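Letter by letter, the sequence shown follows residues 46 to 346 in my numbering.
It cannot be assumed that every hint is accurate.
[Unchecked claim] Keeping only pairs whose Cα atoms sit at most 20 Å apart, straight-line, the calculated SDA-like set for lysine to any residue is: (1) K205 to P296; (2) K220 to L163; (3) K310 to K220.
None of these hints come from the bench; they were simulated from the model. Treat the numbers as computed from the prediction; the structure is a model and nothing was measured.
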Amino acid sequence: PPVPPNSDAPAPDDGDRIPATDDPAPEDCDRILSSHLESSSLSTPSESSSSSCHQSNASESDEPAVAQPDIQNARGARTRRAPGEWWKAPAAMLVQQRNNHTLRATQVTIPKSISEALDSENEFCKEWAAATKAEFDSLQHNKTWELVRLPSGRNAIQNKWVFKVKSDEKGLVNKFKARLVVKGYSQRPGIDFDETFSPVAHLASVRLVFALAASLKLKLRQLDVVGAFLQAELHEEIYMVQPKGYISHDPSLVCRLKKSLYGLKQAGLVWNNTINLFITKDLGFKRLSSDACVYIMRSKE
Numbered sequence: 046p047p048v049p050p051n052s053d054a055p056a057p058d059d060g061d062r063i064p065a066t067d068d069p070a071p072e073d074c075d076r077i078l079s080s081h082l083e084s085s086s087l088s089t090p091s092e093s094s095s096s097s098c099h100q101s102n103a104s105e106s107d108e109p110a111v112a113q114p115d116i117q118n119a120r121g122a123r124t125r126r127a128p129g130e131w132w133k134a135p136a137a138m139l140v141q142q143r144n145n146h147t148l149r150a151t152q153v154t155i156p157k158s159i160s161e162a163l164d165s166e167n168e169f170c171k172e173w174a175a176a177t178k179a180e181f182d183s184l185q186h187n188k189t190w191e192l193v194r195l196p197s198g199r200n201a202i203q204n205k206w207v208f209k210v211k212s213d214e215k216g217l218v219n220k221f222k223a224r225l226v227v228k229g230y231s232q233r234p235g236i237d238f239d240e241t242f243s244p245v246a247h248l249a250s251v252r253l254v255f256a257l258a259a260s261l262k263l264k265l266r267q268l269d270v271v272g273a274f275l276q277a278e279l280h281e282e283i284y285m286v287q288p289k290g291y292i293s294h295d296p297s298l299v300c301r302l303k304k305s306l307y308g309l310k311q312a313g314l315v316w317n318n319t320i321n322l323f324i325t326k327d328l329g330f331k332r333l334s335s336d337a338c339v340y341i342m343r344s345k346e
């Protein structure tokens, strides 16, 4: 503020003065005022705002209109229905692949027990049940055992069901297989078995057979004996508990084995004795002393 005359306050120094802005000339003020009055007389504030809106709408009319969703009043349109059994979808797909013969062996989970195989939640419980029944019927038809009372002082060996899937050269499943195996580790030497050795062919003998076939232009044939160990008869008294899933009306009975089963200590030995007797006596071959798995026959031709 300007210092009044005759004041004792010192006059401000030039360095403390605030520079004043340049005031517009009087003719500029008249021109600005007249232009403002003209614009206000032509349009009211509401009209000016509406005209600006019309201009913006006109400029936006060139672009395609996009429908905006009503988020405030939006409601879900989901169709209500009962939940699907999602947990059965993979199992159903595997069963369908099995029926279409496109199931791979790597897709099948091998059960570890008969209770797990026959569980209703197992997608292949029907296939495993059919496999166990086929194996049991085969053992019954082969007269592998007879049900008796366990003599005092004797031990009944436990058994177990072993499951496996067989596949072709493409890896596709072609058979579900079950096998009843004896837990031979519980056998007692001198009581349940004596000898266990069975011969194996020497590799040199196998090479010799292939070399002779190639030099003489002979044909080689191979065969597989189905249930080989089950064909051999036992001479020892061996008792086994009844297999799970196929227990007779009297659970106290046990199976006295009349023929060999997989898992027995002497299974390989008794099978070798059986096949040796068939080849030498029935077919007329002679076993070599250098290799017990090679047989020859001298032809008159």
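Here's how the hints hold up against the structure:
no. : hint         : verdict
1   : K205 to P296 : holds, 17 Å
2   : K220 to L163 : holds, 17 Å
3   : K310 to K220 : violated, 28 Å
In summary, the structure is inconsistent with hint 3 from the numbered list given earlier, while agreeing with all the others.
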